[in-house]
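Generate the whole structure from the sequences, applying the supplied hints.
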Amino acid sequence: MSTSSSHQENPEPKKVQFPLDSTAYQILDEIGFGVSAVVYKAICLPMNNTIVAIKSIDLDQSRADFDNILSETKTLSLLSHPNILSAYCSFTVDRHLWVVMPFMSAGSLQSIISSAFPDGLPEPCIAVLLKETLNAMWYLLCGSVNQLRVKNK
215 MSTSSSHQEN
225 PEPKKVQFPL
235 DSTAYQILDE
245 IGFGVSAVVY
255 KAICLPMNNT
265 IVAIKSIDLD
275 QSRADFDNIL
285 SETKTLSLLS
295 HPNILSAYCS
305 FTVDRHLWVV
315 MPFMSAGSLQ
325 SIISSAFPDG
335 LPEPCIAVLL
345 KETLNAMWYL
355 LCGSVNQLRV
365 KNK
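For what it's worth, my numbering labels the leading residue of the sequence shown as 215, then goes sequentially.
Careful, some of the hints might be misleading.
Said to hold, decoys possible - Derived DSSO-like pairs (lysine-lysine); straight-line CA-CA distance at most 30 Å:
#, residue 1, residue 2
1, Lys288, Lys269
2, Lys269, Lys255
3, Lys345, Lys229
4, Lys255, Lys288
None of these hints come from the bench; they were simulated from the model.
Quick look at the structure:
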């Protein structure tokens, strides 16, 4: 009886490449802002009008240096964990860095907690939230980010 090993590891699903051109996106609404960035809800036209979030960082207003921002953005696009919001791609438009990310229709965790639990989270919810946060931190601390930084250099 012949035995052959037909078991193969499943490769990671191939990442879809989002366009690196601002004309491929249509801005719909401003959904958030900070000191040096604005977040927009947009659609990616060539990707069947996929809804995305675009964080537009004003490089003239940002206090971090461009190389550091670019490195962090590239690292973010390589992360793959269910509790970490990754980036599809990033590119510059004039003096702005656009970071294209999944659109989170329910909003930020802060906005969800504020609206659903105005008097604070019950302890069981806090436990689940902390557990999932620690899972993401474990992923980052167990070499994922360090390995990715080595790949980026």
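Cross-check of the supplied hints:
This hinted pair checks out: Lys288 and Lys269 have alpha carbons roughly 14 Å apart, not beyond 30 Å. Between Lys269 and Lys255 the CA atoms are separated by roughly 9 Å; this keeps the pair inside 30 Å, and the hint holds. The straight-line distance between the Cα atoms of Lys345 and Lys229 is roughly 28 Å, inside the 30 Å bound, and the hint therefore holds. Of the supplied pair hints, the one linking Lys255 and Lys288 holds, its CA atoms being roughly 21 Å apart against a limit of 30 Å.
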